[in-house]
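Per the numbering used here, the sequence shown starts with residue 237, numbered consecutively.
Source of the hints: derived by calculation from the structure; they are not laboratory data. Please note that a few of the clues may not be correct.
Beta-carbon label-pair distances, calculated as ranges [claimed, not checked]:
| no. | residue 1 | residue 2 | range |
| --- | --- | --- | --- |
| 1 | G292 | K241 | 56 to 64 Å |
| 2 | V307 | L271 | 27 to 35 Å |
| 3 | R294 | H314 | 27 to 35 Å |
| 4 | V307 | F334 | 23 to 31 Å |
| 5 | Y330 | G287 | 50 to 58 Å |
| 6 | E245 | I355 | 49 to 57 Å |
| 7 | C275 | A348 | 13 to 21 Å |
| 8 | P242 | V304 | 52 to 60 Å |
| 9 | E329 | P296 | 46 to 54 Å |
| 10 | M246 | I303 | 51 to 59 Å |
| 11 | P296 | R332 | 43 to 51 Å |
| 12 | L351 | C275 | 19 to 27 Å |
| 13 | T255 | A315 | 30 to 38 Å |
| 14 | R294 | I251 | 51 to 59 Å |
C-beta atoms are modelled at their ideal positions from N, C-alpha and C, and glycine is treated no differently.
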Amino acid sequence: MLDPKPREEMNRMVIDTMTHTSKRYWIAVGTLTVLVAVCLLGAWANMIFTGTGVLGIRRPIFWGVLIVTFVFWIGISHAGTFVSAILRVFKAEYRRPFTRAAELMTTFGLAAGALYPLIHLG
237 MLDPKPREEM NRMVIDTMTH TSKRYWIAVG TLTVLVAVCL LGAWANMIFT GTGVLGIRRP
297 IFWGVLIVTF VFWIGISHAG TFVSAILRVF KAEYRRPFTR AAELMTTFGL AAGALYPLIH
357 LG
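Input sequences plus hints: build the corresponding full structure.
Laid out in structure tokens, this is it:
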């Protein structure tokens, strides 16, 4: 392969594009974050003022979306536990970062799953 630039310079150029961001990028990220936050707060306010009927809680389905999200997060935590256990049982030391990520996924999944009954008790 005939590269006009040395390999080290090519590597530096690639890494620079991943580590240095412009002000325009951060403005776009901030704008998108604010937009998503406003949409989420609007949906939450709609539920507070309209009632839980917007979540699908009506006869004969009394749990609607709430039980689905609870089961989803508990399922995510089970998947993280399963991946971590398989990697540890087979002593896959070279996959240690995946094991750590799976354990973190389990922790956050359990935390999110535990929050849903507390948030929606009222």
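*Return holds or violated for the Cβ distance of R294 and H314 against the range 27 to 35 Å.*
Taking Cβ atoms as reference, R294 and H314 lie about 30 Å apart, which means the hint holds.
*Do the Cβ positions of C275 and A348 conform to the proposed distance bound of 13 to 21 Å?*
holds, 19 Å
_56 to 64 Å was suggested as the range; check whether the CB atoms of G292 and K241 agree with it._
The hinted range 56 to 64 Å holds for G292 and K241, with Cβ atoms some 58 Å apart.
_Cβ distance range 52 to 60 Å for P242 and V304, holds or violated_ = Given about 55 Å between the Cβ atoms, the range holds.
*At the C-beta level, are V307 and L271 separated by a distance inside 27 to 35 Å?*
Holds, since V307 and L271 (Cβ atoms, about 29 Å apart) stay within the stated range.
*Does the Cβ pair M246, I303 satisfy 51 to 59 Å?*
holds, 53 Å
*Starting from the hint 19 to 27 Å, judge whether the C-beta atoms of L351 and C275 obey it.*
holds, 20 Å
*asked:* Please check whether P296 and R332 have a Cβ separation lying inside 43 to 51 Å.
replied: holds, 48 Å
_Taking 50 to 58 Å as the stated bounds, is the beta-carbon spacing between Y330 and G287 within them?_
Between Y330 and G287, where Cβ atoms are some 53 Å apart, the hint holds.
*asked:* 30 to 38 Å was suggested as the range; check whether the CB atoms of T255 and A315 agree with it.
replied: holds, 32 Å
*Could you tell me whether the CB distance from V307 to F334 stays inside 23 to 31 Å?*
Given range 23 to 31 Å: holds, Cβ gap about 25 Å.
*asked:* Against the range 49 to 57 Å, how does the distance between the Cβ atoms of E245 and I355 compare: consistent or not?
replied: holds, 53 Å
Hint compliance for this structure: no hint is broken.
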